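Starting from the given sequences, assemble the full structure and let the hints guide the process.
Just so we're aligned, residue 1 is where the sequence shown starts under full-length UniProt numbering, counting upward by one.
Straight line, CA to CA, 25 Å or less: simulated SDA-like cross-link-like pairs of lysine to any residue:
#1 K266 with V302
#2 K262 with V229
#3 K188 with P204
#4 K269 with R280
#5 K262 with Y297
#6 K223 with D295
#7 K262 with G234
#8 K185 with T112
#9 K286 with S260
#10 K162 with T142
#11 K138 with T157
#12 K223 with G198
#13 K23 with R148
#14 K39 with A22
#15 K269 with Q312
#16 K20 with Q41
#17 K113 with D196
#18 K185 with I201
#19 K282 with D233
#20 K269 with R299
#21 K113 with G261
#22 K176 with R129
#23 K136 with E170
#24 K286 with L259
#25 K185 with F117
#26 K113 with V187
So the derived label-pair ranges between C-beta atoms look like this:
#27 K138 with P27: 35 to 43 Å
#28 L279 with K188: 29 to 37 Å
#29 V184 with R299: 41 to 49 Å
Derived by calculation from the structure, the hints in this document are not laboratory data.
A quick note: this is a predicted structure, and the numbers were derived from the prediction, not measured.
C-beta atoms are modelled at their ideal positions from N, C-alpha and C, and glycine is treated no differently.
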Amino acid sequence: MGPLLGIPGDTTPPTKTVEKLAKKYHPDANRNNPSAKRKFQEIREAYETLQDPEKRAQYDRRTQGSENVEYAGGGADGFRYAYRTHFSDSFHKIFSEVELSLSFSEAAKGCTKNLSFDAFMPCDFCHGRGYPLDAKTKVCPTCGGIGRVTIPPFTSTCGTCKGSGQYIKEYCMSCKGSGVVEGVKEVKVTIPAGVDAGDTIRVPGAGSGGRGSQAGSLFIKIKVTEDPVFTRDGADIYVDSNISFTQAILGGTVDVQTLSGKVQVKIPKGVQPGQLLVLRGKGLPKHGFLVSHGDHYVRFRVNFPTVLNERQRAILEEFAQEEINHANSNSIEGNWLYQQLSTG
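Shown next as structure tokens:
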């Protein structure tokens, strides 16, 4: 970290050194030099890390015992890794993510769930302050109570007081000054109807808490188990309905399972295997669309008999002969040559 700023070790850089480097690599002075812009950003991040005790301590832990690896690859690569890790750690302290498995019915109709998950919660001993309630505060010696530190052209949050402008030497022994402790958080959440596998639901204020801040958001990643009856495509529902081949030919009615229970639907005469019948608006809720619900599709599956008695076979053979006769009759009536010969 120090070598990146032109100083030995990881000591805090003098103001003049930072100003000199900032001017040298400032984008305005290097418009046609992309590498200078990257260098400028690295210098800024390095300076902010050295100014912030927590970031600096994290960086030291990450790089301890691997200094040769870090600088052999080009100076700031190790720092960028530490910086990203710090950001990731901070993110997860504020935001929480859990997976929730729902049945098909729960996802379709909506439900209420009680969730338990690991989270950072305000420390009971210091009420989330990070320091004892009777601790004495002083004006931050680094920023003079402003909460920000400026070394042109950089301005950043003061690393000593974290932007509060006040400096407190004492820290809560329970949370070690972080203001939060690890624990198990329980929340009751409402899952809206129509959610699908892969959806993420955001619940503001239900996630982890941070020092001196409100709890962050809880992100719920939805999983949905398969259903033996229903399948879905977005907001549309599909269900199979088994009918006999006589029902397929003659038509009739059949009970069909829907999300709200069984309903009776008409079977069209001459329905074909796999043919769909649509029940408009009987599907799942659509979120953010003009049409409020999807459709419910009934897919007809025709069951053909594999065993016939003598009477059934005779009737079917008679029916088959009638079909042949009817087909031949239509063929003759529509044959222009046959008509000409018969009238000649």
